[in-house]
Every structure is written in structure tokens, then in C-alpha cells.
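Single-letter residue listing:
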Amino acid sequence: MNDFLKNITRFIFFILVQVYVLNKIPHLHRFITPYLYYLFILWLPFSVSRQWLLVIGFLTGLTLDYFTMTPGLHAAACTLIAYVRPFIINILTPKDSSEFNYREPSPMAMQWTPYAVYVFVLTLLHHGYMVLLEWLSFGSFLDFIIKIVATTGISMLLIFTAELLFPRKLRFRTNTA
Amino acid sequence: MRNVFLFLRRYRTFFTFLILQGVALWFLVNYNRFHRAKFLGVANEVTGRINTQYNKVEDYFSLKEENRRVHRLNDSLVNLLPGNFSRHDTSVRFVQDSIPYDTLGNYRRYLSRTATVIYNTANSQKNFIQVNRGSSQGIKDNMAVISSEGAVVGVVVNTSPNFAQVMSLLHVQNSVSASLKRSGDFGTAEWDGKDPRYLILKKIPKTVEVKKGDTVLTSPVSFNYPPGYMIGTVADINLDNTTGMYQLKIKTAANFNNLQQVFILENTDYAEQTRLNQETKKKMETAPKNPR
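Protein chains in written order, with numbering that gives the first Met the number 0: chain A, 0 to 176; chain B, 0 to 291.
Any given hint might turn out to be false.
What the hints assert, rightly or not - Label-pair ranges, simulated between beta-carbon atoms:
no.	chain 1	residue 1	chain 2	residue 2	range
1	B	271	A	48	55 to 61 Å
2	B	58	A	3	33 to 39 Å
3	A	163	B	276	39 to 45 Å
4	A	54	B	6	19 to 25 Å
To be clear, the hints were calculated from the coordinates, so they are not data collected in a lab.
C-beta: ideal position from N, C-alpha, C; glycine also.
Please take these sequences and the hints and turn them into a complete structure.
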């Protein structure tokens with residue numbers, strides 16, 4: 000399967016999981032809303048240009064928004080992490096490109112620690128920005144802080160469970176592909 | 000001029016970012032104010048179709064529970080059939096049928112339609128429910144939605160031809176005019192966005208006698224909701240000393256986690272009532288302050 004088809008499938012899969020599994024599980028606690036769909040953006044190939052990253056991020060968020068009836072909320076957060084993603088990747092990956100020939104971010108491609116930092120920073124940004132937007136229209140400051148911490152924690156847990164359960168096959172960047 | 004273009008080209012990613020953020024925030028702000036967003040009608044049709052497919056599967060898991068509830072409500076309705084009642088006085092016979100106007104002057108004030116819930120969440124601060132009836136089936140904004148047990152669920156806020164979005168009671172902007180069954184006092188039931196099992200009933204003065212377990216019903220002064228439908232029961236009583244009003248914690252009667260079949264109730268007088276209300280406000284503002 001080529002990258003394009005693979006990512007389209009992933010997009011549909013993540014949106015469906017988010018809308019029909021994670022948004023529908025019985026209420027655990029008022030601070031905890033599990034989010035996983037933005038892993039789609041974290042998993043996009045390195046070769047996607049910054050412009051396209053932004054557009055894809057925006058559309059991902061907007062698709063989820065239309066399911067949850069909050070137009071703009073997830074779109075804003077996704078655009079933010081799509082914008083920040085290249086900077087984080089630049090900092091965390093080796094500068095010598097001859098050693099680095101993987102197609103997309105994964106624990107294999109980046110080592111576990113840099114990958115964990117990458118996921119953590121973007122998760123925190125995504126949740127922080129989204130909860131901030133929610134909080135501006137409604138809520139108290141303490142709720143705001145606790146909610147960011149709690150949702151970030153549960154999302155990290157979900158992402159690493161996903162990484163361990165479904166290790167992606169290594170795809171090398173070659174001249175023939 | 001060339002430098003401007005060079006500048007734009009150099010930072011085009013950043014500008015794209017700003018523009019997309021702007022669009023997203025514009026959606027967000029506009030939506031909160033008007034309950035509407037661009038393309039929402041189209042998107043509603045698309046998400047509605049996907050949700051319908053999903054719902055076909057999901058329904059199997061709670062069929063038994065739902066059947067039991069439907070049966071219970073049917074049972075109570077059968078008991079209300081006019082055939083069950085008769086008068087000993089044979090000179091007058093009271094019959095109510097479904098024709099809007101009858102010779103006794105009864106007319107139909109509330110019209111009920113059934114609908115199936117196809118998407119529903121309870122874990123956000125702004126929860127919406129999507130149902131499989133829309134404007135082609137006569138659903139309009141501001142109609143009340145009642146669960147199959149007769150408990151208040153929410154109010155219709157947006158419709159597309161075949162689907163409608165319902166603002167759940169579990170929405171921080173929702174507020175329902177409620178009354179205590181025991182004393183008949185009016186208050187406003189709202190949700191604080193915290194625990195989806197509980198609502199807050201405000202504006203009940205402290206002179207009213209309230210006990211835990213008291214029933215809270217929709218009030219007779221609401222335009223949207225017919226009177227007497229159950230909102231919940233009092234679970235906790237707090238007195239706000241600064242205002243002298245109670246802050247009652249209400250356990251919701253509807254279970255928002257497994258809604259399936261709902262009734263959409265139309266107030267046939269809604270347009271007239273709201274128009275009168277608005278005209279009165281306008282009239283009172285322009286009227287000179289004379290003693291009457």
C-alpha cells in the first residue's frame with residue numbers, strides 16, 4: 000500500500016475510533032476525556048511539506064468537529080500541533096541525514112526517549128490549547144489546569160499502548176519507492 | 000513591492016498557520032453565538048448518514064433494556080385510553096380524539112413524534128444528540144425532546160432535511176424552566192459542566208420547603224416543554240446565603256448514556272407565544288411611564 004492510501008485509511012480509522020469508541024465509553028471522570036485521533040497527525044510521513052501539514056491538520060480537526068458539534072475547537076488545536084510538529088522533529092532527530100532514512104515518526108525511527116518527548120510536547124500543546132479555548136467560554140481556572148494534566152496523562156497512556164500493541168513495520172526511504 | 004512578496008513567500012507557512020487558526024476560531028466563536036456554522040447543514044447530513052450505519056449495530060446491545068422501557072411507557076399510555084373511562088351520567092359523554100379542534104373546544108396543544116437517537120455523547124461540556132428526524136419530517140428548532148421513559152432530554156437546536164441536532168440537558172448553555180412538584184415553585188435547571196448525573200436547580204427561594212428526593216418537573220410556564228415531564232429528583236440541598244436562594248443538586252431522570260428512542264414534542268402555539276412575548280417587550284419599552 001502506498002503512503003497516500005495508508006494515510007487515508009488511518010485517517011478514517013482514527014476518526015471512527017475517536018467518535019465511536021473513545022467519545023462513547025461510559026463517563027470515567029469529569030476531567031478525563033480520552034483523545035487519540037491526533038496521533039494521525041503525529042504519524043504523518045516526514046516528507047509532507049509544512050503547508051500540507053497545516054491543511055491536513057485543519058481538515059482532521061474539522062472532521063472531528065462536525066461529529067462532536069464544536070466547529071473550530073479541534074481544528075484550532077490540530078492546526079497548532081501541525082505547525083509545531085516540524086520544529087520538534089528538527090530538534091529531536093539526528094542532523095546527519097545519512098543515518099536517518101525512515102519514512103515517518105515512530106519509536107524505531109527516533110528512539111524511545113526522543114519519541115516520548117515528541118509525543119508529550121505535542122499532546123500537551125493540543126490539550127492545553129483545546130482546554131484553554133473551552134475554558135475561555137466556560138469554567139474555572141483550577142478545572143483548566145487539572146483537566147490539561149489529566150487528559151494529557153490519559154492520552155499518553157493510550158498512545159504508548161497503541162505503539163506497543165501495533166508496532167508499525169519499518170519502511171525505509173529509498174530511491175526506488 | 001518585491002520585498003513584500005519575498006517576505007510573504009519566506010513566511011508563507013506561518014501565514015497559512017495564522018489564516019487556518021483564524022478560520023477555526025471564527026467557526027468556534029460564531030457557532031457559540033448562533034448555534035450555527037458554515038456548511039453545518041451539509042456536514043450534518045454526512046455525519047448523520049455515518050451515524051445511522053453505526054447505530055444499526057449499536058442498537059442490538061441494549062435492545063432488551065429499551066424494550067422493557069418502551070413496554071412500560073406503552074402500558075401507562077394504554078391505561079389513559081378514553082375507553083377505560085366512562086361516566087355514570089349517561090346524558091354527557093366525554094370523548095377526546097386526535098382531531099385538532101372538537102366541539103367541546105379541546106384542541107391539541109402538544110404534538111408528539113417519535114425519533115431514534117443516532118449519536119450521543121455525555122463526556123464533553125457541550126453535549127449534543129443527533130436524531131434521525133429532520134425538517135422534512137416536520138421537526139423545527141426549539142422543540143422539546145423527551146426520553147422513552149418520559150424524562151426531559153433536551154431541545155432541538157438545528158435541523159437538516161433528515162436529521163436534527165438536539166442540545167442535551169448536559170450542555171452548559173442549556174437552561175430549563177423547572178418547578179418543584181411538592182410546592183409548585185419555579186426555578187431554572189442548568190448544568191455546571193461537571194458531573195453528567197447531576198443538574199443544578201437555581202432560583203428557588205429559601206422560604207420553600209425542600210426535601211431530598213423531591214420530584215422536579217418541567218414548569219407550566221415554559222414555551223418549549225410541556226408541563227409535568229420529569230427532569231429529576233433532588234439529590235442534595237445547598238443554601239446560598241448571599242442570595243437567599245437554594246442551589247439544589249438534581250439527579251437527572253433520563254439516563255444520558257443509553258438513550259435510544261425519544262419523543263419530539265411540538266408546542267403548536269410556540270410561534271404565537273414567542274411573538275406575543277417579543278411584541279410585549281417592544282411595546283413596554285416604547286410605552287410612556289404613566290400610572291395606570
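These are the hints, each one checked on the structure:
The hint said 55 to 61 Å for the Cβ distance between residue 271(B) and residue 48(A), and at roughly 58 Å that hint holds. Roughly 35 Å separates the CB atoms of residue 58(B) and residue 3(A), a value that falls within the hinted 33 to 39 Å. At about 60 Å, the beta-carbon gap between residue 163(A) and residue 276(B) misses the expected band of 39 to 45 Å. Taken as a hint, the range 19 to 25 Å holds for the pair residue 54(A) and residue 6(B), whose Cβ atoms sit roughly 22 Å apart.
Hint 3 from the earlier list is the only one contradicted by this structure; the remaining hints agree with it.
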